[in-house]
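Going down the list, the sequences are from chains Z and P.
When the first sequence is numbered by the numbering used here, its final residue is 320 and no position is left out of the sequence of numbers.
When the second sequence is numbered by the numbering used here, its final residue is 1678 and no position is left out of the sequence of numbers.
Source of the hints: derived by calculation from the structure; they are not laboratory data.
Ideal Cβ positions, reconstructed from N, Cα and C, are used throughout, including at glycine.
Treat the hints with caution; some may be incorrect.
To be verified - Derived CB-CB ranges, DEER-like: (1) 265(Z) <-> 1539(P): 29 to 37 Å; (2) 40(Z) <-> 1563(P): 45 to 53 Å; (3) 206(Z) <-> 1638(P): 43 to 51 Å; (4) 61(Z) <-> 1547(P): 28 to 36 Å; (5) 41(Z) <-> 1546(P): 53 to 61 Å; (6) 1331(P) <-> 289(Z): 48 to 56 Å; (7) 289(Z) <-> 1650(P): 51 to 59 Å.
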Amino acid sequence: MNTVGYTAIVLQVGAVVAGAPLLTGLMRQTRARLEGRAGAGVLQPWRDVRKLLRKEPITPVGTGPAFRWAPPLLVATSLVLAVLVPLISTDTPVRGRADLIVVVSLLALGTLALALAGLDTGTAFGGMGASREMAIAALVEPTILMAVFALSIPAGSTNLPVIVAGAADQPARLTSPAGLLAIAALAVAVLAESGRLPVDNPATHLELTMVHEAMTLEYAGPDLALVEFGAQLRLTVLLGLLASLFAPWGIATGASLAAVLLALLLAVLKVAVLGMALAAAEVFWAKLRLFRVPELLAGSFLLALLAVTASYFLGGEGGQ
Amino acid sequence: MSLIPAALATATGLGVAGAAAGLVLPQRVRGAVVGVLTAGVGVAGGASGVAALGGSRWSAEVPGLLPLAGTHFAVDALSGLFMAVAGAVVAAVAVYGVGYVAGHGAHGLGSRGAQAVLPLFALSLLLVPAAASVSTFLLLWELMALTSLLLVLAEHRARPAVREAAVWYAVMTHLGLVLLLAGFMVYAAQAGGETFAALRSGSGAMSPAVRGLVFVLTAVAFSSKAGLVPLHAWLPRAHPEAPSAVSALMSAAMVNLGVYGLVRVGFDLLGGGPAWWWLLAMAMGGLSAVYGILQAAMASDLKRLLAYSTSENMGLVVLGVGAAGLFDHAGNKALAGLALAAALLHVVNHSAFKALLFCAAGSVLRATGERNLDLLGGLRARMPLTTGLFALGALGAVALPPGNGFISEWLLLQSMIHGLAVPGVTTAIVLPVAVAVIALSSGLAAAVFVKALGVGFFARPRAEGAAAARESPLLMLAGMGLLAALCAALALVPGLLGDGLDRAVEAVGYPGTRPVSGGGLQVRLDEVSAVLSPLWVVATLTVALGAVTATVRWAGRRRQRRTRARLWDCGGGAPTPRMAYTATSFAEPLQRVFDDVLAPEQDVDVTPVRESAYLVERVKFRNRVPDRIEHRLYRPVLDFLAAAGQSARRLAGGSVHAYLGYGFFGLVTLLVVLVVGW
């Protein structure tokens, strides 16, 4: 088959795996510099992973298989996403499998595994985190689904490479009302799904506000490394998805190695810029009160619904 | 002689034999014999369904069986689908039931009456889709309603709530029967015959108003059987209070027949209709989907939660059925076929996982005596197999890969998204909302089943019942194992259904689009293509999981064994089970989010000590999420009826003379009316 396609997948997964901790490092460093601190350096998340992996694995008393298997499952779903989402090429051997609904469902599967692990500990923190996370996820998953549907309607398919290739061919789709509404909705949903401000603060351990950290409080050593790595992978893939959907320029659509390499460079740049922009924005944002978060999410769900309706109406009259 | 009549005759014979055995046999062997015979009913009925799915058809008339009308039977692929589903569920649940009854003694499901009725209920589930005339259909429909009612009542000695649930169920199912009877009477009178063939050929000549009336009457009756909002009130009462094997049969086989009736009458007999029919169906379906899952998210009774989830899933199915009607009305038969196929596939998948979930809930109830999730927990260590089976069913119910519910919701979403091919303002408004409903309900379903599994089965036991739980007996596990195998097969190789799904769709006159074939699903229409391969997803996930664990092993420099450590306790001593999150607290954020819809009732009672208002002696907190639709819709009617009954009591003063006077007065009035009237 096409070796370039396989190369593209290997490059993409390699870049995501190697780059996910670096992206987090970059975001922390950006934030530190903007706040006037020196920062720990871009490589610090990798050092953390290495340190944690070498520690002894610990099973808290009273936890079971759900607790034990959630971190590997989280990373595994993120890895499958890294294979499926077209970040650098739409002409890969998996292009037929990269269905949008599957991608959203795999994201949800990772969330669900971690929530079950939180409940499995039987502590107040674990249950609290799981409860909050599922309440947020129950609103976020539909929003992501709806937002990307709005984009899939002009393309006539829920296949991600087809959507991305279509948008690369006709950039006008992105500046249509449906496209703009979908961008706004998806951006909010990505913030919530990856546990960033203003929905969740990844740097807090305050019981009043923490969501993700409360669920994973009992993890230590290699398991903690996996949980953190999984979260970093998800953030990278989601930002990459955002970049691919709304700035698809440069993504390779043919079987040319040069184009793939160029696309890789561009994808890294796009994700880095998005990450830095997010980090810079976070400096100025405060975390929302937990019970104001649903209002934000409901707003973004509404935007996504409007986007789908707009694309039905506009697509129905112009697109046929 | 083809397979279908032989299998149906076998099923009938076994059902009647089972009923006789239940009546006659002593308690020691009753459960086992009736269970085997009921399983036989399921296998035989399922075999005839599979034969019909394989393409054979059968119809027959038995003139002597019923006076006046005679009985008519016909089996096509659509009937076959529902018979195959019911057969599989009945067979597996019967195996489970033998184990369930064994430890229960002579009360509840093991009693003489319940054991005699169970095979008849199973038989009626299989025969209703085979009926081919109004009288045959209604007779079997009523047999199904009555037998299920007696089974719901089985444990009435143990809990008073059973009786209330049974009254609700009896009233609602018979109101449904009245509507059905009225609708079919109008239909048969207009069509000039009561066999389905006569109805089919007569529907073309009927006026739109009569057709609309027939559709509304029958659709409302069928939606009540399917447990759709606002006629769902019986479902969250009857399903939890019935013995769990019966809940499984009701929730996984009986409610399906509401969908069957809707499809049979709406598409096959009436031959489709105007858009407003299907918008009505979609509205009820969409409302049920969201409201059902919201109530499930609030429920802390495990079986009530599952019952509301049934309401949700039937809502999704009817949403698909309604969309099919809408597409058909717009002239896009291929898309209509796809939507209908998605709805039928969801019926199959829902039956598989819901039967499994109800059986697992029954095992929990049997082992702990407890349905309240707040008092369960810690079952993972005590009932590992049941926990695993429940987890498998829950995976199907949350509609995430690699569960079986995901497959059909994927197909449903595909058919909705590509509704763009149907022009018009109605579809442009309705379909986005429908997609939003499906998306929202699947998002909430994730929270619901995380709650059920995580709070009910994981962590530590919160009460003595859960702490003393033991694994279920082998036969119960075997029954659940059969259902679990079915779930796994449907999830991984949906192509097992083969062309059956297509034939079922073709039976009501739509072209099959072959959405399910081989190892996966594919949608191929003019402007659309989409492919889903569940096996590939599972294989990739497994490879990724293996890679991750191997890397972690390799990266830890020394080979280290896992050490055990205390949970983080903030330095305050080991956390007690009372500190763990309960189902109620788990649902609290969602309750806040949907506060306006759910209107929860909260009571806080603070009792200060006598000496100071600032020192609190006792705080009493009560939180209740009433079924708001039920509250608003049923309560006024019930209050009115009760008030009317109360005021009518004044007429009954206890004096025999007055009663004789009423009789005399009534007779005279009647005679006067007759004389004047004629």
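Against the structure, the hints come out as follows:
The beta-carbon spacing between residue 265(Z) and residue 1539(P), approximately 32 Å, falls within the hinted interval of 29 to 37 Å. Taking 45 to 53 Å as the suggested C-beta distance range, the pair residue 40(Z) and residue 1563(P) does not conform, at roughly 29 Å. Between residue 206(Z) and residue 1638(P) the Cβ separation comes to about 49 Å, which falls inside the hinted range of 43 to 51 Å. A hinted range of 28 to 36 Å for the beta carbons of residue 61(Z) and residue 1547(P) is consistent with their spacing of about 30 Å.
Distance hint check: the CB atoms of residue 41(Z) and residue 1546(P) are about 33 Å apart, inconsistent with the given range 53 to 61 Å. Checking the proposed 48 to 56 Å range against residue 1331(P) and residue 289(Z) shows it holds: the Cβ atoms sit about 51 Å from each other. For the hinted restraint 51 to 59 Å between residue 289(Z) and residue 1650(P), the CB-CB distance of approximately 58 Å keeps it satisfied.
In the structure shown, a violation is registered for the earlier hints numbered 2 and 5, in ascending order.
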